[in-house]
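Trainee: Read off the chains here:
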Amino acid sequence: MAKKEPKKLEYFTDWKYAPSPEATDHIRLQKQYDLFINGKFVKPNSGKYFDTINPATEEKISSIAEANDKDVDSAVKAARGAYDKTWSKMPAKERAKYIYRIARLIQERARELSVIETLDGGKSIRESRDIDVPLAANHFFYYAGWADKLEYAFPNRHPKSLGVAGQVIPWNFPLLMAAWKIAPALATGNTVVLKPAETTSLTALKLAEIIQESGLPDGVVNIITGHGPVGASMVNHKDINKIAFTGSTNVGKWIQKAVAGTDKKLTLELGGKAANIIFEDAPINQAVEGIINGIFFNQGHVCCAGSRLFVQESVAEEVIRKLKDRLETLIVGDPLDKNTDIGAINSKMQLNKINEYLKIGVNDGAEMYQSSCTIPKKGFFVRPTLFLNTSQSHRISQEEIFGPVLAIQTFRTIEEVIEKANNIPYGLSAGVWTDKGSRIFNLTSKLRAGVVWANTYNKFDPTSPFGGYKESGFGREGGLHGLMPYLKF
Amino acid sequence: MERIEVLKTYKIFIGGQFPRTESGRYYPLKLKNNMTVNVSLSSRKDFRNAVIAARGAFSGWSARAAFNRGQILYRIAEMLEGRKEQFLEELKQLGYTPAAAKKEVEQSIDRLVYYAGWCDKYQQLFSSVNPVATSHFNFSVPEPMGVVAILADESSALLGLVSVIAPAIAGGNTCIVLASESKPTCSITFAEVIATSDVPGGVVNIVTGNRKELHSHFSSHMDVNAIINCNSEKDFNKTIGENASLNVKRVFTWNKNWSDEKEQGPYFITDLQEIKTTWHPIENIGVSGIKY
Chain A
1 MAKKEPKKLE YFTDWKYAPS PEATDHIRLQ KQYDLFINGK FVKPNSGKYF
51 DTINPATEEK ISSIAEANDK DVDSAVKAAR GAYDKTWSKM PAKERAKYIY
101 RIARLIQERA RELSVIETLD GGKSIRESRD IDVPLAANHF FYYAGWADKL
151 EYAFPNRHPK SLGVAGQVIP WNFPLLMAAW KIAPALATGN TVVLKPAETT
201 SLTALKLAEI IQESGLPDGV VNIITGHGPV GASMVNHKDI NKIAFTGSTN
251 VGKWIQKAVA GTDKKLTLEL GGKAANIIFE DAPINQAVEG IINGIFFNQG
301 HVCCAGSRLF VQESVAEEVI RKLKDRLETL IVGDPLDKNT DIGAINSKMQ
351 LNKINEYLKI GVNDGAEMYQ SSCTIPKKGF FVRPTLFLNT SQSHRISQEE
401 IFGPVLAIQT FRTIEEVIEK ANNIPYGLSA GVWTDKGSRI FNLTSKLRAG
451 VVWANTYNKF DPTSPFGGYK ESGFGREGGL HGLMPYLKF
Chain B
490 MERIEVLKTY KIFIGGQFPR TESGRYYPLK LKNNMTVNVS LSSRKDFRNA
540 VIAARGAFSG WSARAAFNRG QILYRIAEML EGRKEQFLEE LKQLGYTPAA
590 AKKEVEQSID RLVYYAGWCD KYQQLFSSVN PVATSHFNFS VPEPMGVVAI
640 LADESSALLG LVSVIAPAIA GGNTCIVLAS ESKPTCSITF AEVIATSDVP
690 GGVVNIVTGN RKELHSHFSS HMDVNAIINC NSEKDFNKTI GENASLNVKR
740 VFTWNKNWSD EKEQGPYFIT DLQEIKTTWH PIENIGVSGI KY
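Keeping their order, the protein sequence lines are chains A and B.
Residues in the first sequence are numbered consecutively from 1, following my numbering.
Residues in the second sequence are numbered consecutively from 490, following my numbering.
Keep in mind the hints are simulated off the structure, nothing from the lab.
The structure displayed is predicted, hence computed values, not measured ones.
Wrong hints could be hidden among the right ones.
[As the list claims (entries may be wrong)] The list that follows gives simulated cross-link-like pairs (lysine-lysine, BS3-like), each with its CA atoms no further than 27 Å apart:
1) Lys751/B to Lys89/A
2) Lys591/B to Lys470/A
3) Lys97/A to Lys780/B
4) Lys751/B to Lys93/A
5) Lys751/B to Lys488/A
6) Lys97/A to Lys591/B
7) Lys780/B to Lys93/A
[Claimed, not checked] Just a few of them, taken from the derived set where beta-carbon distance is under 7 Å, the chain B residues facing chain A:
8) Asp609
9) Gln613
10) Pro689
11) Gly690
12) Tyr781
[Claimed, not checked] Which stretches of chain A does chain B cover? Using the computed rule of at least three CB atoms under 8 Å from a CB of chain B, they are:
13) 79 to 87
14) 90 to 100
15) 122 to 128
16) 164 to 178
17) 310 to 319
18) 441 to 449
Just so you know, even glycine gets a beta-carbon here, dropped at the ideal spot from N, CA and C.
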């Protein structure tokens, strides 16, 4: 009997998606943004401003203040003053009420924040609207509730706040990362100096407006903008008690070295190169969706992205065929369009880095497969990309690309895949796809990663701790465990 | 001529609606302004109707995301804050001094916010992963008991009510509460707050009436899972305990001074939770084979 041709998805149809752009006319943005210090927007000491652009159009949106050492110092002084005078003395339940207010204000202004997030960062409006912003609000809600319950979280330890927390966040989830940092810090009674990434300052500055509206006492949260040296200045500041950093492993290592020998408490949430493992008994169609979501969510700008795919040999052909089919259906383009799956790469620099890795992959001998989609001429875009026939030693299988690029390997046995999955300096997350529950628990106990998703991927919740093993950093954000980095006992 | 005030008819609260008692009975309550309120003297049948409503609401409410329950409890606090003046006036008519009334309302609001925060946290403190010796993933989590019948604190018009409703519903239970007999008006106004806070109908049911008459019905109903008495009548407690044994109801006496900040906490939630343990095999166990 002749082998039956496998069924192929039909894309060829007269029906096209009509443009469905999210409205931007309700967005109020200033031409220029100052630093948020001690409850007020103040001009930077340097007098310098830099442009923030829309990565989908390369057009300037606004000017952002460039802080220097003096600004860092006045922000830390404001935070220290607020800590000493008001925040550390306020009853915990009243502290909670401010955090609840911030949560409510984010909810009320959710659409505005989503649109700005998409304009400034390039992520699809669907994701900023349905994931980033609601999760940011929920994070404040969740931690607000902990403020007056810390004695229950750590019985017999009488938890106390640390003082001033210096927080440096990345550009991939700008508002959400600000929420992950600020909410637990405030709930535990600390005051904050936060620096957003230079390409995505706007939603953090909108959050500063919200914080003003909430009536939070001046100086409890300070938001200062600028490039790398601002973060370095915070890390080295003598009157900061705690550094929380999310970003690249290289910078994380530099920070760990810089705070060595000081009393600063440190948490690092760094890079990742997650294994997404598909077993032969997995629900294949769901797994394909999980692979797509795992690597193409937020253009692959996700530290926990499932960027290494491991498929069991017996189903590799089917999985890869379906994956290629599915790749073809992804809509790449205008991030503000509600149908867009993959938006713009966050910056020119990141685009160059991704393109560099595509070359490396090809030069190392891997087989590149890209969607045939057209990408906009203007703006920073890259086609969703698969690399087949990769091996463990390929750089694209070892290094974090932080883009929509998936390195695919196959495996035969469970021992083999555990070995391959763990044989990497990173250990942030992993995915497992199998219908067999007992196998899931076997894998979750053997994978050296801080988060393991089973038959799902890229799920986040304020109640769920997130963070890495090994060179993916230390400390957890979210959940009960997310309180600990901001407390002393 | 002076405008004549419109007076409110105080009803009861069952399944999200405000009927008068099916019995048609009432008891008069004289307010400080010399007006009289005809309070519903609820019957056994009213209570039984309320249990049907509470049972009907249980599957939906207990299945809500914990976070969503927290949002709704917080919403109740928002609504109560907005109607503070009305409660201050009502408490005054029940004999509270202005200072005592203010404290009663503000503590009630804060207590709702407090339990709103617990909705998605008590599970994290009272669940466990149990390191059993066999190759199993074994975990225990709290789950709501079901329908809770509550005889509220006689001495408190609002705070006593809030302090027992909040932990019950925070944990995913539904409830039927008999309000303070001598201070019933605030409880019905509080029901109006609940009715406008996105709490699904039937999650909270409030009836007014006579504890002596109703305590045996509250405790003998076969579709009630737990009963809480917030009062100290010894002979009532005996009856309640005996009746509870009919269907092994969980019995609690929460005879507390609710204005004490210590009388709040996750244990009021966990009293009304069962613990469920799940066993699941692990293909093989141990960390051998991990080299990194």
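Trainee: Going through the numbered hints above, which ones does this structure break? Give me the numbers in ascending order.
Mentor: 2, 3, 7, 10, 11, 13, 15, 16, 17
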